[in-house]
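2 protein chains.
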Amino acid sequence: MNNFEFCVTTDILFGKGQEEMLPAKLAAYGKRILLTYGGGSIKKSGLYDKIKNLLNGFEIFELGGIDPNPRVESVNKGAKICRKENIDLILAVGGGSTIDCSKAIAAAAFYDGDAWDLITGKGKITKALPIAVVLTIATTGSEMDQAAVISNMQTNEKLLMGHPYLLPKIAVLNPENTFTVPPYQTASGSADMMSHIIETYFDTVEAFVPDAIAEGLLRAVIKYTPMALQDPEDYEARAQLMWTSSLALNGILATGKSFMWSCHYIEHELSAYYDITHGAGLAVITPKWMRYILSDSTVDKFCDYAVNVWGLERSEDKFKLANQGIDYTEKFFSKIGLPSKLSEFGIDDTKFEVMAKKAVEIGSLKKAYVPLEENDVVNILKMCL
Amino acid sequence: MNNFEFCVTTDILFGKGQEEMLPAKLAAYGKRILLTYGGGSIKKSGLYDKIKNLLNGFEIFELGGIDPNPRVESVNKGAKICRKENIDLILAVGGGSTIDCSKAIAAAAFYDGDAWDLITGKGKITKALPIAVVLTIATTGSEMDQAAVISNMQTNEKLLMGHPYLLPKIAVLNPENTFTVPPYQTASGSADMMSHIIETYFDTVEAFVPDAIAEGLLRAVIKYTPMALQDPEDYEARAQLMWTSSLALNGILATGKSFMWSCHYIEHELSAYYDITHGAGLAVITPKWMRYILSDSTVDKFCDYAVNVWGLERSEDKFKLANQGIDYTEKFFSKIGLPSKLSEFGIDDTKFEVMAKKAVEIGSLKKAYVPLEENDVVNILKMCL
Chain A
2 MNNFEFCVTT DILFGKGQEE MLPAKLAAYG KRILLTYGGG SIKKSGLYDK
52 IKNLLNGFEI FELGGIDPNP RVESVNKGAK ICRKENIDLI LAVGGGSTID
102 CSKAIAAAAF YDGDAWDLIT GKGKITKALP IAVVLTIATT GSEMDQAAVI
152 SNMQTNEKLL MGHPYLLPKI AVLNPENTFT VPPYQTASGS ADMMSHIIET
202 YFDTVEAFVP DAIAEGLLRA VIKYTPMALQ DPEDYEARAQ LMWTSSLALN
252 GILATGKSFM WSCHYIEHEL SAYYDITHGA GLAVITPKWM RYILSDSTVD
302 KFCDYAVNVW GLERSEDKFK LANQGIDYTE KFFSKIGLPS KLSEFGIDDT
352 KFEVMAKKAV EIGSLKKAYV PLEENDVVNI LKMCL
Chain B
2 MNNFEFCVTT DILFGKGQEE MLPAKLAAYG KRILLTYGGG SIKKSGLYDK
52 IKNLLNGFEI FELGGIDPNP RVESVNKGAK ICRKENIDLI LAVGGGSTID
102 CSKAIAAAAF YDGDAWDLIT GKGKITKALP IAVVLTIATT GSEMDQAAVI
152 SNMQTNEKLL MGHPYLLPKI AVLNPENTFT VPPYQTASGS ADMMSHIIET
202 YFDTVEAFVP DAIAEGLLRA VIKYTPMALQ DPEDYEARAQ LMWTSSLALN
252 GILATGKSFM WSCHYIEHEL SAYYDITHGA GLAVITPKWM RYILSDSTVD
302 KFCDYAVNVW GLERSEDKFK LANQGIDYTE KFFSKIGLPS KLSEFGIDDT
352 KFEVMAKKAV EIGSLKKAYV PLEENDVVNI LKMCL
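Residue numbers (my numbering), protein chains in the order written: chain A, 2 to 386; chain B, 2 to 386.
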């Protein structure tokens with residue numbers, strides 16, 4: 002077990018009707034709120050009106066239309082509103098994209114220049130507005146972590162930024178707000194959570210406690226995703242998925258581990274070039290990556306995964322068992338309606354080399370659980386065709 | 002899954018040498034520190050000198066000699082020092098007793114009267130000094146929760162107090178600081194953690210995610226306690242136990258559950274009348290309580306416990322399986338050297354009625370997982386003889 006610091010201060014308000022806690026909780030931070038949201042599904046679902054009514058004692062400014070794979074243009078736009086309107090706090094109502102964009106806005110509000118500088122590291126985060134969240138999809142865990150992923154379609158870059166200041170102060174997790182999430186997005190969200198857990202679980206450092214938690218969370222996603230797809234208003238299923246999404250990436254699974262990821266960096270390149278749904282891309286890459294890195298030195302961990310996550314029986318033939326665990330992973334993604342090939346997105350091998358080069362560099366993949374060179378990433382991508 | 006709020010802001014500094022982070026972290030709270038500790042084991046182990054050296058830029062006042070089952074007299078004494086010396090923060094170096102006492106002191110420093118009032122509820126907690134912890138034994142989880150248990154030997158009362166202000170700001174968890182914990186205390190600490198997990202797990206509300214985490218943490222205690230007893234300097238074993246102790250009671254296992262305990266309240270009465278080691282008392286009570294409450298309505302949960310915690314095979318005969326899980330629990334406590342009968346403490350049935358009455362009242366045991374009346378508690382205690 003490696004040394005670690007764990008300090009996750011987000012005030013989680015979980016369950017039915019918890020939005021009603023917002024006025025009292027937000028008042029501690031001020032009166033002038035930037036309300037951020039995505040494509041308008043919160044208007045259709047009635048959540049937008051509900052929030053506006055609840056916050057009628059506040060001055061509300063708005064930034065809607067935040068894209069999936071949120072763009073730096075939205076960040077700059079939001080930061081401008083914050084400066085002009087003297088915003089006290091940002092309330093993100095949405096999923097990972099809206100929350101990530103809001104985190105970047107919160108920091109960019111105090112930066113005198115292009116927000117992209119804060120993402121590339123050219124500029125420094127010195128301060129950030131407080132952020133509150135009303136979560137509407139179980140996926141990224143951004144509601145309880147310090148990270149944001151922002152895209153720049155001009156440069157085909159999708160990059161990660163992180164800072165303790167970006168950790169949300171308050172997060173309302175009402176499972177009912179995910180009832181309207183369509184099947185493909187529900188499934189993609191689950192694939193994203195599973196990837197967060199898997200990337201942290203497969204690590205050079207083994208640590209019993211976080212790994213046992215990881216296995217439990219994976220079993221939760223496997224159990225409840227089909228139930229949520231079957232009945233989108235199954236409260237218990239939506240609740241277990243929602244809480245899993247936060248715990249999958251709030252750092253608890255990484256306690257004592259080295260936290261060197263692989264698949265996310267490869268997928269970020271796909272999203273940067275082809276703007277595909279992040280979780281769906283991960284569903285394609287993850288099983289292929291697993292198959293590619295399976296070896297004498299990783300087989301025992303894959304056997305634990307097969308037994309403790311998928312309930313398979315321990316057997317003499319380790320590689321057979323390990324491959325069965327991977328088969329189950331692959332079949333699960335198919336069963337919940339996700340693609341298994343890049344060709345299903347219309348992606349061919351044209352950009353594999355350039356994407357591989359960037360993934361290796363940005364993700365420090367040479368230091369990953371199983372170190373990956375550019376040709377390894379190209380090989381994995383070819384397996385995905 | 003019930004609604005819940007989860008907000009645990011403690012800054013956990015985990016691992017070798019993490020005490021060195023203290024000067025920078027504590028400076029944020031002030032210069033005048035009340036250093037609290039127990040019977041002097043930290044002087045023998047060298048930790049006392051290490052901390053004093055690290056904090057040579059601070060003004061240190063001391064309160065040593067805090068008893069196991071900490072007394073209200075120590076709380077009043079500590080509060081007096083805080084007021085007189087204008088203390089900025091309390092640094093508790095020790096285990097549950099020292100931390101709990103320090104929490105009560107932190108609140109009593111702002112109360113003009115007998116600290117016992119704050120514990121009985123006669124007085125109100127309006128403010129508290131910040132608390133930092135250097136943990137020296139894996140047991141109570143007090144380092145990451147809002148509760149404290151204080152004893153009054155005059156009135157034979159051992160009562161729980163809780164307030165968000167009492168949550169430690171900082172906790173150093175260096176597994177090396179537990180190398181010198183003697184076998185009986187190590188085992189008692191593990192029984193205490195197991196009880197925290199079990200009391201939260203057996204609940205009218207089932208919730209997959211916290212229950213899966215609970216099962217994982219129980220497996221961790223079962224795996225690593227014998228290893229720590231075998232080799233007290235087994236870092237990995239001490240580390241897994243230490244992190245488990247915090248997660249067992251920081252609220253994560255209670256998310257969405259009703260959190261109505263039983264055994265702890267019965268044990269508190271034993272400690273209040275006989276001053277026995279809390280974890281050892283729990284090792285006696287827990288399996289008997291399990292046996293007593295096993296019924297048609299609880300058997301399925303006991304089967305999950307048998308399978309997912311003890312690795313037993315699912316079988317047709319549910320009661321046989323459930324009883325096997327309880328047998329394993331009982332055998333485990335014996336194996337790690339803990340008593341299985343109250344007679345081993347020299348406790349007879351003289352006070353069973355009075356203790357049962359108080360346990361039912363203080364612990365609201367009529368609302369527990371399986372509701373308990375006074376005669377039920379007497380029956381459970383008789384099974385422990």
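If you're looking for bench data, these hints aren't it; they were derived computationally from the structure.
Do not rely on the hints blindly, as some may be mistaken.
Repeated chains share a single entry, so a pair holds when one copy, or any two copies, can fit it.
[Stated by the list, open to error] Result set (SDA-like, lysine to any residue): computed pairs, CA atoms no more than 20 angstroms apart in a straight line: (1) Lys383 with Pro340; (2) Lys125 with Lys224; (3) Lys302 with Met261; (4) Lys358 with Ile223; (5) Lys170 with Thr10; (6) Lys302 with Gly312; (7) Lys336 with Tyr112; (8) Lys224 with Asp350; (9) Lys78 with Gly114; (10) Lys78 with Asp350; (11) Lys302 with Glu237; (12) Lys17 with Ser259; (13) Lys368 with Leu386; (14) Lys17 with Asn3; (15) Lys368 with Ile294; (16) Lys302 with Asp12.
Results of checking the hints against the structure:
no.: 1; hint: Lys383 with Pro340; in the structure: within (15 angstroms within a copy, 61 angstroms between copies)
no.: 2; hint: Lys125 with Lys224; in the structure: neither (42 angstroms within a copy, 45 angstroms between copies)
no.: 3; hint: Lys302 with Met261; in the structure: within (16 angstroms within a copy, 37 angstroms between copies)
no.: 4; hint: Lys358 with Ile223; in the structure: neither (33 angstroms within a copy, 46 angstroms between copies)
no.: 5; hint: Lys170 with Thr10; in the structure: both (7 angstroms within a copy, 11 angstroms between copies)
no.: 6; hint: Lys302 with Gly312; in the structure: both (14 angstroms within a copy, 19 angstroms between copies)
no.: 7; hint: Lys336 with Tyr112; in the structure: neither (46 angstroms within a copy, 61 angstroms between copies)
no.: 8; hint: Lys224 with Asp350; in the structure: neither (35 angstroms within a copy, 48 angstroms between copies)
no.: 9; hint: Lys78 with Gly114; in the structure: within (12 angstroms within a copy, 56 angstroms between copies)
no.: 10; hint: Lys78 with Asp350; in the structure: neither (35 angstroms within a copy, 74 angstroms between copies)
no.: 11; hint: Lys302 with Glu237; in the structure: between (31 angstroms within a copy, 18 angstroms between copies)
no.: 12; hint: Lys17 with Ser259; in the structure: between (36 angstroms within a copy, 16 angstroms between copies)
no.: 13; hint: Lys368 with Leu386; in the structure: neither (26 angstroms within a copy, 58 angstroms between copies)
no.: 14; hint: Lys17 with Asn3; in the structure: between (38 angstroms within a copy, 9 angstroms between copies)
no.: 15; hint: Lys368 with Ile294; in the structure: within (14 angstroms within a copy, 52 angstroms between copies)
no.: 16; hint: Lys302 with Asp12; in the structure: neither (34 angstroms within a copy, 31 angstroms between copies)
When the structure is compared with the earlier hints, violations turn up for hints 2, 4, 7, 8, 10, 13, 16 and for no others.
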